[in-house]
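Protein chains: 2
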Amino acid sequence: MQDLNAVMFQAAQAFKKYRNFSGKQKAIFLRAIAEEIEVIGRELIDIAMQETNLPEGRLIGERGRTIFQLKMFADLLDEGSWVEARIDSANLSRQPIPKVDIRKMLVPMGTVAVFGASNFPFAYSTAGGDTASALAAGCPVVVKGHPAHARTSAMVAEAIFRAAERTGMPQGVFAHLDGGEGFEIGNALVMHPETEGVGFTGSFGGGKALYDLANKRVDPIPVFSEMGSVNPVILMPEKLKQEAENVAMICANSITLGVGQFCTNPGLIFGIENQDLERFLRVLSAEIEKISPSTMLNEGIFKNYEDKKTIALSQEGVKTESVSKIEKTAQTQGMPTIASVSADIFLKNPKLHQEVFGPYSLVIKCKDEAQLLEALSHLEGQLTATLMATENELQANEELVDTLKNLSGRLNFNNVPTGVEVCFAMQHGGPFPACTDARFTSVGPDSIKRWVRPASYQSFPDTLLPDELKHNNPLNIWRMVDNAFVK
Amino acid sequence: MQDLNAVMFQAAQAFKKYRNFSGKQKAIFLRAIAEEIEVIGRELIDIAMQETNLPEGRLIGERGRTIFQLKMFADLLDEGSWVEARIDSANLSRQPIPKVDIRKMLVPMGTVAVFGASNFPFAYSTAGGDTASALAAGCPVVVKGHPAHARTSAMVAEAIFRAAERTGMPQGVFAHLDGGEGFEIGNALVMHPETEGVGFTGSFGGGKALYDLANKRVDPIPVFSEMGSVNPVILMPEKLKQEAENVAMICANSITLGVGQFCTNPGLIFGIENQDLERFLRVLSAEIEKISPSTMLNEGIFKNYEDKKTIALSQEGVKTESVSKIEKTAQTQGMPTIASVSADIFLKNPKLHQEVFGPYSLVIKCKDEAQLLEALSHLEGQLTATLMATENELQANEELVDTLKNLSGRLNFNNVPTGVEVCFAMQHGGPFPACTDARFTSVGPDSIKRWVRPASYQSFPDTLLPDELKHNNPLNIWRMVDNAFVK
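Sequences listed follow chains U and A, in order.
For the first sequence, position 86 (counting from the first letter as 1) is numbered 86 according to our numbering, and the numbering increases by one without interruption.
For the second sequence, position 424 (counting from the first letter as 1) is numbered 424 according to our numbering, and the numbering increases by one without interruption.
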């Protein structure tokens with residue numbers, strides 16, 4: 001681990017400088033990373049296609065998203081209000097004791113370790129949301145390259161190195177560890193005394209293991225693991241009566257998008273047993289039969305899909321409703337598959353509550369709304385929950401809506417859960433086991449808050465305060481001054 | 001644990017209603033708690049005096065602070081902007097895919113367990129900051145009454161019950177467990193599946209034990225333990241040259257305030273060896289000799305003070321500089337004591353870095369500024385750090401100031417660390433071991449953020465959104481709408 005120690009020492013040295021860089025300086029760095037990634041051009045897409053089996057269009061789109069995220073954080077830094085500056089002025093005549101001047105802002109915590117996701121080689125990987133948010137916060141980043149796209153990761157890392165160098169960033173502000181398939185280097189990174197935070201996107205097994213490992217440290221550090229989710233979809237009767245066909249087609253698309261390899265993939269669909277639900281199932285099945293199997297990210301993920309799906313389908317009372325009728329053209333293609341089960345059985349069998357990562361969904365037939373509510377009360381925390389309902393049904397089912405709200409990070413209405421907008425209002429996270437700290441998001445500008453802590457200055461002379469806290473507000477940012485938001 | 005299960009079940013039932021109460025409704029509840037505490041009047045102060053040995057004036061002041069905190073959170077709820085509403089409007093013409101409408105706000109997490117502090121029977125206990133912030137957030141609260149002020153705690157709990165009843169709060173929104181001296185009930189509370197967060201104020205041993213215990217849960221929950229701190233004070237040479245006497249008198253007061261029983265008590269004082277530091281030490285010693293010993297909170301805390309102090313004073317190279325010359329009038333009075341040691345020895349002996357909870361401080365004599373920096377680099381995370389310096393010295397010692405900033409939650413300039421203002425700009429927390437999550441404060445309005453998570457609504461009809469997120473902003477709160485702060 002001599003190498004890791006050297007990397008972490010250099011990151012700690014970089015932090016001493018980088019934490020005091022202005023927002024504008026950090027923004028230049030982030031924009032340079034975006035540029036350097038773009039400059040690689042075609043080669044990056046080609047390598048990523050080879051390593052991940054993802055189609056060209058998807059990868060070009062994901063690269064665009066990655067560049068957008070970097071620029072979004074640069075804009076956030078340029079604007080500057082994200083530091084949540086708070087100023088409470090002195091009041092020397094206050095009784096019984098004078099009030100001192102106190103000012104507070106968010107400051108970076110230290111080196112952040114990033115573990116990227118296999119299903120997003122760009123946007124949730126080496127220069128993805130975790131790295132961009134941590135660098136924006138003022139934290140050095142050490143990325144453990146994902147073995148499933150090692151060359152892609154190394155190429156993006158090189159782009160970050162070039163950007164750091166040409167924008168005058170301190171050496172060590174970014175590092176890339178190529179640890180291969182094993183856990184050794186990743187575990188050592190989580191346990192290293194200089195690591196002050198961990199960002200992970202991936203499976204429940206991986207995310208929870210890193211979280212548990214970090215709990216063995218002497219000093220607690222924040223570990224934000226964004227993990228699996230079954231993203232329940234609830235079909236209300238009146239909605240199905242009106243448009244079962246349309247809802248079924250929307251669901252079929254969402255279930256099979258990206259070969260089902262999204263953490264927001266709808267894995268459980270709840271409906272109330274009646275002829276409209278049967279209509280929905282018929283259309284959904286017909287759609288699924290027409291959708292081509294596609295190659296999954298890698299053999300491990302394909303095998304995991306087959307195993308989990310086989311377990312689910314072999315449970316007592318589970319009926320396979322439909323499987324794609326289009327033949328596979330390669331071994332590791334995932335077959336779109338729909339199954340169904342009664343809520344009676346679902347309620348008794350926790351194996352059916354688990355995520356099957358791939359183009360698979362289980363329809364749960366409830367006897368009535370009471371049983372639907374009961375089934376939902378057995379679910380664990382979710383990234384998303386989706387309600388397919390008329391507005392009247394939404395209004396009339398307060399308890400159901402409230403249950404879904406409390407269960408998930410994002411509640412959709414007549415909309416698919418796949419597709420995560422990168423914006424301020426996005427919550428990508430949710431109650432455990434969707435992630436390890438529901439108080440934060442891993443997507444959007446607010447994801448920067450995972451890597452910062454508030455720091456107060458008491459009775460500091462104005463000239464020696466950071467610009468964010470100076471009396472005349474030289475950065476022209478929004479601040480809370482004596483209990484009022486002002487600019 | 002049958003009783004605990006019943007309490008937690010009732011809290012969970014209360015949460016289903018309480019989480020949907022408006023800010024104004026919750027504000028009425030918080031103000032009613034403040035009123036009910038005031039109504040108890042003299043009796044509450046008398047009981048608290050008997051249980052804690054704290055003087056009347058201090059307890060009256062602390063009750064005032066507690067009432068102020070409750071009203072502060074009521075004001076926060078009435079104003080309403082604390083929910084961090086973010087709105088990203090739909091853009092149906094966006095290419096390649098339309099942008100959906102997404103809105104986000106902070107929502108409560110669930111039942112919060114509160115463990116109060118022995119040294120603040122009101123402000124950090126039953127109706128203190130943790131309880132007030134959690135109730136303001138919309139979370140039910142279960143308090144484990146502190147055995148050192150069990151009757152005080154029970155009386156305050158009764159006030160909360162009366163307030164809940166007369167303002168129509170759901171039964172179970174607040175509960176008080178009288179678990180006696182043992183850990184059994186507290187541990188069971190932390191491990192209970194319905195517990196969604198823990199607030200603790202007290203010793204490192206207690207706070208870390210609860211944190212470690214919670215890590216054995218199946219589901220991770222946030223544990224905010226605000227623990228010990230030695231609150232380093234750094235004396236710069238020019239400052240001492242100008243006013244060693246004044247600085248010494250300020251320090252003597254801060255060290256002995258409340259018999260040193262504050263988590264912000266200055267336990268380590270660093271200076272550079274020269275005649276001005278000797279002048280400082282002479283005046284500090286003379287002041288300490290004149291300060292009366294006072295009765296400590298309880299026998300356990302007195303014994304702990306004696307034990308820790310004895311260990312510190314018996315370390316090689318530690319010199320006792322001064323002890324109060326005023327005789328004790330009761331057995332459990334803590335004697336104000338000052339010791340000194342060379343930085344050479346301090347650096348080699350971690351026992352000297354530890355908190356001695358009581359009216360004790362250790363002066364560390366450094367050879368030069370380089371050794372001062374080295375000594376500081378050996379310190380762990382702190383609630384506060386204090387710099388006694390001229391403005392020139394502050395400006396000329398960038399590395400030193402930066403080190404202190406990175407070490408602590410609050411950096412004071414020519415000001416004592418004791419005295420924690422309850423205001424927006426206050427950070428009371430800091431890098432471990434000062435607390436278990438430096439990203440939050442336990443004092444001030446922002447402490448509400450410990451108990452909330454963001455929740456997004458995607459494509460929701462306006463009429464069915466919470467008021468905070470409706471198009472026409474009926475609550476007239478500050479919101480981030482399409483990347484701009486507006487009201």
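The hints are simulated quantities; they were obtained by calculation from the structure and are not laboratory data.
On a predicted model such as this, the values are computed, not experimentally measured, just so you know.
Hints should not be assumed to be uniformly reliable.
[Unchecked claim] With a cut-off of at most 35 Å between alpha-carbon atoms, the simulated DSBU-like pairs for lysine-lysine come out as follows:
#	chain 1	residue 1	chain 2	residue 2
1	U	K405	A	K449
2	U	K241	A	K16
3	U	K325	A	K367
Check: So which hints don't hold here, by number, going up?
Finding: Of the numbered hints given earlier, the structure breaks just one, which is hint 3.
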